[in-house]
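Those protein sequence lines, which keep their order, are chains A and B.
Taking my numbering, the leading residue of the first sequence gets 882, the next gets one more, and so forth.
Taking my numbering, the leading residue of the second sequence gets 93, the next gets one more, and so forth.
By construction, these hints were calculated from the structure, which means they are not laboratory data.
27 Å max Cα-Cα, derived DSS-like pairs, lysine-lysine:
{"hint": "1", "chain 1": "A", "residue 1": "K1098", "chain 2": "B", "residue 2": "K305"}
{"hint": "2", "chain 1": "B", "residue 1": "K196", "chain 2": "A", "residue 2": "K1056"}
{"hint": "3", "chain 1": "A", "residue 1": "K1098", "chain 2": "B", "residue 2": "K302"}
{"hint": "4", "chain 1": "B", "residue 1": "K278", "chain 2": "A", "residue 2": "K1083"}
{"hint": "5", "chain 1": "B", "residue 1": "K258", "chain 2": "B", "residue 2": "K228"}
All values reported here derive from a predicted model rather than from experimental measurement.
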Amino acid sequence: MIRSLKNPFRLSVADSVIAVALIALSALLCGVLSFFGSGDIHVPLIFVLTVLLVSRLTEGYFYGIFASIAAVFGVNYAFTYPYFAFDFTLSGYPLTFFTMLTVSVITSALTTQIKQQEKLRAETEKEKLRANLLRAVSHDLRTPLTSIVGSSSAILENEGNLTAGQRRALLQEVKDEALWLIRMVENLLSITRMGGEAKIHKQPEVLEELIGSTVHKFRKNYPAAPLCVSIPGEPVFITVDIILIEQVLMNLLENAVIHGKNLTRIELSANVKVRNVIFTVENDGSPIDLLILPRLFAGDSFGAGKMAETGSRRNMGIGLSVCASIVKAHGGDIAAENMASGGVSFRFSLPLEEMMPYAS
Amino acid sequence: MPPKDRILIVEDENSISHFMSMALTSNDYDVIVARTGAEANGMITSQCPDLILLDLGLPDMDGLSIIKTVREWSQLPIVVVSARMYERDKVTALDMGADDYITKPFGPSELLARIRAAIRRARINGARPDVVLMGKYQVADLVIDYDKHQVSVSGVNVRLTQNEYKIVSLLGRYAGKVITYDYILKEIWGPGSKGGNQILRVNMANIRRKIEKKPAEPEYIFTEAGVGYRLREEE
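Next comes chain B alone, as it looks inside the complex:
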């Protein structure tokens, strides 16, 4: 039997950390709980968790500072727990290196799915850090062929412009993860790109028309309101 994955829950509300640890323990995770940022920082170094579930509102420090500290030395996956109204916090957390976020309120099944996906992504990316993308990414009928720089839907080659391809392959590299507008803009148009994210929106509208059947009910590229885009991940 493989060793259990260890999840560090950083949450000051007992009732919430209780329900999360119940859900995780009964699904074969090893759970440790920190109630303050200081406690969390200690546990991260001493207990070597496989994933951090981080509530941004902590009594003793800003949860974002934990992300910053961890990212200085580790790619340990971090899933942020956040409330709906704070999409700015989500964007900041993602840009600082958080892997994903889950919006309150959420049920155990959603929580488990996010954790599984984040751990899996960390394992894959950890195995080939920063290598040039090779091979293919496939989800449902969508295939991104990194070698040929081609995208196809149901076997039919989709003619994307160079920037459109770059956007799709960027999303493909982080499939399942929300990529913020700013991050995509910086990656595709360079750090000096000006004029807001409308250029990205227009490109995305074009991509959607090429790969989705119904633009308002996408199957592959989802919009996270106020945050960014997420490419569908193999379940």
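Chain A with its partners taken away, still in its complex shape:
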């Protein structure tokens, strides 16, 4: 359910400035026009326009109504005979007042309605995204959980009949699936870290330390992965949430290991280009399906959709959409492509901090 605007007669500084400025502007315009002696026919028209603009540009009903009253009195006082005096006996006076008031109320109502619709649309969009994510996550969780329950039950229920090799294979399955679940949860936690109160916790970090600690962790988990690393020779400072950017790099590296077929080389590099640091994770494995490529970071190329049925197994969907949100939250861009020379390239950019004034 959408909250209606808090209060249709709410006041705000910005809106007050807009209203007063517009009224003053039109009064000035009328003054200038009558100075050049072009009569006073245009005066009510200009003020109707003013009332309309004020109602459209401000929130709620207050400023529109305020503008119409100000306009009626202002026109009466300044721009109709007798000049600079009030005269409420003029014929048609109630009509002018009524017209302006109506314009104001209708415009304000329309404005309010448009704003509410926009809000509603945004809210629905968000709700849809959340539902999609939830559906995808639940779908992705079910498979490994089924496998874990199945494998462990098989061990428990067939204790006597399994060979050591079979038991080991089942246990390995349990471990692999559990590790996959952990990666998934880490990614989901990254999303919650970015949302809500905590926000991202950016700090100046040294590029080589970020890369170094990621590589250290990656090598611990995948000692056999053919990874080479290249970074600039100079120390480079970037302002990032190091835990989140580590997650991005880790996701990209793990993707290469898990999804890259026939790969003999993974290359992680970081380069400074103009005012950005460009991170690249390339591998020489088989290319990404062209059907998936455009939607890789959207977070919907997985789970509930057709993808799940094509047997591509659970995939990188969540990991990559998390990468995209993290990079975006840092003011950067992320992209993936199949390289002409063969292989796959993921790259993202992060804006570079000013070099520090401190020199050792």
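Add chain B to chain A, keeping to what the hints say.
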């Protein structure tokens, strides 16, 4: 046969304390388990463990308060078990006197390595509490010579500035342990040092260029993201 080392596991999740005590028992440790902070405080005084494995999220109290209580009277090694996202908690725990942390999820081999290292460090430091560092620290090709105030790699003397040497020797004194940025800043630049930890980062970048072959793939000084630095320890 020497007496077994006794490990106190403070953990409220049964499944986790179960797997940890299995791994430890089968590696010749004597294991006791506390499920609450109150229970833990009782066991620490009555059972004299050689090391505490402490999960910070306890049902009845903040795990940090246990570190505080213990550090009031003992240097008993404490290894904190923590989740990845809570690097603030890790930093606080280390600054309050925890010896090390292990990040969930972890396997038994990592757990055992951390426990062995923490106990060993406690024994060494316990034997010479707060004495001026003497002799040498060596790991792989890196040698810190505390007497000559020199650091060398593969026998070649590395020319460090005074602050750079101080940082390396500080890490050497606690080799294997994560030293938080704040702690290093306080030790090297004094408690009043201002301006964040960038000065430390710059010094560390310089040190890295002098002692490591590849700065992004260090062999000796490792970065623990968001927490601090750790000097490699002899395995």
